[in-house]
Amino acid sequence: MRTLCFLILLLSGTPFFIKATTPVVIKGELYLKDSDISKEAMIKLNGEWEFFEGQLIKTYPQKILSDPILLKVPGSWNNYVGNKKGVDGYGYGSYRLHLRIESSAFFTLMIQDVASSYKIWINNELRNATGITDTLATLVKPIYEKSTIILRSDTNFYEIVIEVANFNQHKGGIKNYVSLIKTDQINLQHERESLRNYFCLGIIFIMGLYHIVLYLLNNKDLPALNFGLFSFDIFIFLVFRTRTIYYFFKDFDWNLGNKIEYIALYLSLPLFYIFFYRSFPRQYKRISKIVSISISLALILLILFTDTGTFSYTLDFYHIILLAYIIIVINGLRKALRKNEEGGKIIFAGFLIFMAALVNDILHVQNIINTDNYIIFGIVGFIICQGLFLAFKSARDHRKIIKLSLNLNELNQSLSRFVPTDFVRLLNKKNIIEVSLGNNAEREMTIMFSDIRSFTTISESLSPAGAFGFINDYLQKMAPVITKHGGFIDKYMGDGIMAIFPDNASDAVLAARSMMMALDAFNAENIHHGKPSIEIGIGLHTGICILGTVGEPLRMDTTVIADAVNLAARIESLTKFYKTAVIISEETYKKLDPSISIYIRFIGEVKVKGKSISTKLYKVFLNHQYELELLEDFDKAILYFYEQKFLEASVIFEKLKHSNLYDGVLQHYINHSLSFSINPPLNEWKNFEVFNY
Numbered sequence: 001m002r003t004l005c006f007l008i009l010l011l012s013g014t015p016f017f018i019k020a021t022t023p024v025v026i027k028g029e030l031y032l033k034d035s036d037i038s039k040e041a042m043i044k045l046n047g048e049w050e051f052f053e054g055q056l057i058k059t060y061p062q063k064i065l066s067d068p069i070l071l072k073v074p075g076s077w078n079n080y081v082g083n084k085k086g087v088d089g090y091g092y093g094s095y096r097l098h099l100r101i102e103s104s105a106f107f108t109l110m111i112q113d114v115a116s117s118y119k120i121w122i123n124n125e126l127r128n129a130t131g132i133t134d135t136l137a138t139l140v141k142p143i144y145e146k147s148t149i150i151l152r153s154d155t156n157f158y159e160i161v162i163e164v165a166n167f168n169q170h171k172g173g174i175k176n177y178v179s180l181i182k183t184d185q186i187n188l189q190h191e192r193e194s195l196r197n198y199f200c201l202g203i204i205f206i207m208g209l210y211h212i213v214l215y216l217l218n219n220k221d222l223p224a225l226n227f228g229l230f231s232f233d234i235f236i237f238l239v240f241r242t243r244t245i246y247y248f249f250k251d252f253d254w255n256l257g258n259k260i261e262y263i264a265l266y267l268s269l270p271l272f273y274i275f276f277y278r279s280f281p282r283q284y285k286r287i288s289k290i291v292s293i294s295i296s297l298a299l300i301l302l303i304l305f306t307d308t309g310t311f312s313y314t315l316d317f318y319h320i321i322l323l324a325y326i327i328i329v330i331n332g333l334r335k336a337l338r339k340n341e342e343g344g345k346i347i348f349a350g351f352l353i354f355m356a357a358l359v360n361d362i363l364h365v366q367n368i369i370n371t372d373n374y375i376i377f378g379i380v381g382f383i384i385c386q387g388l389f390l391a392f393k394s395a396r397d398h399r400k401i402i403k404l405s406l407n408l409n410e411l412n413q414s415l416s417r418f419v420p421t422d423f424v425r426l427l428n429k430k431n432i433i434e435v436s437l438g439n440n441a442e443r444e445m446t447i448m449f450s451d452i453r454s455f456t457t458i459s460e461s462l463s464p465a466g467a468f469g470f471i472n473d474y475l476q477k478m479a480p481v482i483t484k485h486g487g488f489i490d491k492y493m494g495d496g497i498m499a500i501f502p503d504n505a506s507d508a509v510l511a512a513r514s515m516m517m518a519l520d521a522f523n524a525e526n527i528h529h530g531k532p533s534i535e536i537g538i539g540l541h542t543g544i545c546i547l548g549t550v551g552e553p554l555r556m557d558t559t560v561i562a563d564a565v566n567l568a569a570r571i572e573s574l575t576k577f578y579k580t581a582v583i584i585s586e587e588t589y590k591k592l593d594p595s596i597s598i599y600i601r602f603i604g605e606v607k608v609k610g611k612s613i614s615t616k617l618y619k620v621f622l623n624h625q626y627e628l629e630l631l632e633d634f635d636k637a638i639l640y641f642y643e644q645k646f647l648e649a650s651v652i653f654e655k656l657k658h659s660n661l662y663d664g665v666l667q668h669y670i671n672h673s674l675s676f677s678i679n680p681p682l683n684e685w686k687n688f689e690v691f692n693y
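Going by our numbering, the sequence shown opens with residue 1, and the numbers climb by one from there.
Think of the hints as simulated: they come from the structure by calculation, not from any bench. It is possible that part of the hints are untrue.
List time: in silico DSS-like cross-link candidates among lysine-lysine, alpha-carbon distance up to 25 Å [as the list claims (entries may be wrong)]:
(1) K220 <-> K393
(2) K339 <-> K250
(3) K285 <-> K335
A quick note: this is a predicted structure, and the numbers were derived from the prediction, not measured.
Work out the full structure, taking the sequences as your base and the hints as a guide.
Here's what the structure looks like:
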């Protein structure tokens, strides 16, 4: 409460940007000397002016019926008790001031706001008329217009008379200060005042737009929406309240302008309260929100269907309601501060600034205190605090987003160890979150199966932990090779690998050759450390495959369903039979780049279990010169074999065997050639072998 009082006193002091002196009008007279006037001073002619109630003493000088009473300026003439009679807001009257100036400077008289039309007479000369001022209500035309009148320099005594007529508002009179300012400072003062208004209005408009955009980007941020609407509403209110609209549109309808100003003012209450209600929902009650909306709607309906003279009477009632809601908001913010809710401190600080300005303006409008209207500064202060809160919140949210992004990346990396990202990509999904049960995609791919030969025997010499370590060491050598060549591992099956190459078959063959080179390095390292060396077999087949997810909603897995998968697995098992490392199918061979096919050698034609047709197989060898030299003779021997010239074939195979004692394919054909040369096959000779495993 002490903070609030301090702010009110602070705002109730001197006006912004302008130094003020303190001479006061007493009994309708003011005497100014050089010592009373500072270098750049604006002097407010506040105090006791003479007031002639019900008389326009210059327009109708012959109708002066009574002596003047003393009336405070600024202020309204309502309910002023003088000479045992009250004065109503409707009517007309004349204000008079006798001013004497002992100074060589030139001065300009400036009048801010009079309700609701007036004439200015100086030394019996009509110097300005705003609207139409008359004694008949039907002839009076109200208007909002600031007046500036240069005082003549041929005298130092001025009788200033302001005739006022009001039949349009419930409060009449000179409602804002009348001031005296040096003529050479009038433009500077006007520029300062305009700059202040435009600057503040600009801040309010931009912040309103910012909050609306913030809500459009995140439609869950309802406080931002409310604050944006509140800012726009206050912007409209201040455009009319500061009379800025009349500066740009001088003929703007006076009654319409008042209706818009009052509607914007009354609409601000529910918008303002709902902002706090949604910012701190645990501290405010829904019934208060409903009441604020109901009161606002009732007042707005009254404005729409009545004239200014009627609905302007609601302003006092609205001020009472507004003060009640200030108490409610303060109580809620107090609870939020006690519970250390986010944003409570900075919003409370902004609210104190706003509230101090608001209380000042209410007291000023009610003529209880003699200050300026500071609501525009209070609103800007509150908006700046709200902006700071948003900045802090945005920075905090940004840190959370970065942390969440890092966690999400770690999670994605963890998930990619179970569900390959390439698998997700082939399902046309952006991330694993989008994958659901039953997602599938069909395309041609090359399937690779790889397996360690006789690993069961090897594992018998290892402890369980040692067996796991050995397998993991091996897989860590093989997996990067597969990934490097455009493939990804779909499954680990003990010591076996199932990999997929979605782009082309050449990638798979190059990966297989690189895996054999990596195996040589792995074995050399194992031998160096006293560990056993191993052999592996790799089978490749290319065909149409369907990738997808199987299982049930709470437990899913990825899989590849296709005949190509089964055939690739069968081909891998044949590497043991042919005692060769890498075997590919004819379908894979046909898809290879010519530069790679030179490292391929025909093995034979086989029919595996589960297949009704035979498949031609090819061996992939490393870049060994002797293998390339044997190709021509090997192809000739194969031709003899399938022409059933088994003896001729065996001779060539035996010759080739001397160059490669460990070639399992050569040994296979030598055995068959010799066997068939002694015991020729039956009449139902077939060009392929049948395997039932």
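Evaluated hints:
1. K220 <-> K393: Between K220 and K393 the Cα gap is close to 15 Å, so the pair holds against 25 Å.
2. K339 <-> K250: Measuring from Cα to Cα gives roughly 52 Å; hence the hint is violated.
3. K285 <-> K335: Given that 25 Å is the threshold and the Cα spacing comes to 13 Å, the pair holds.
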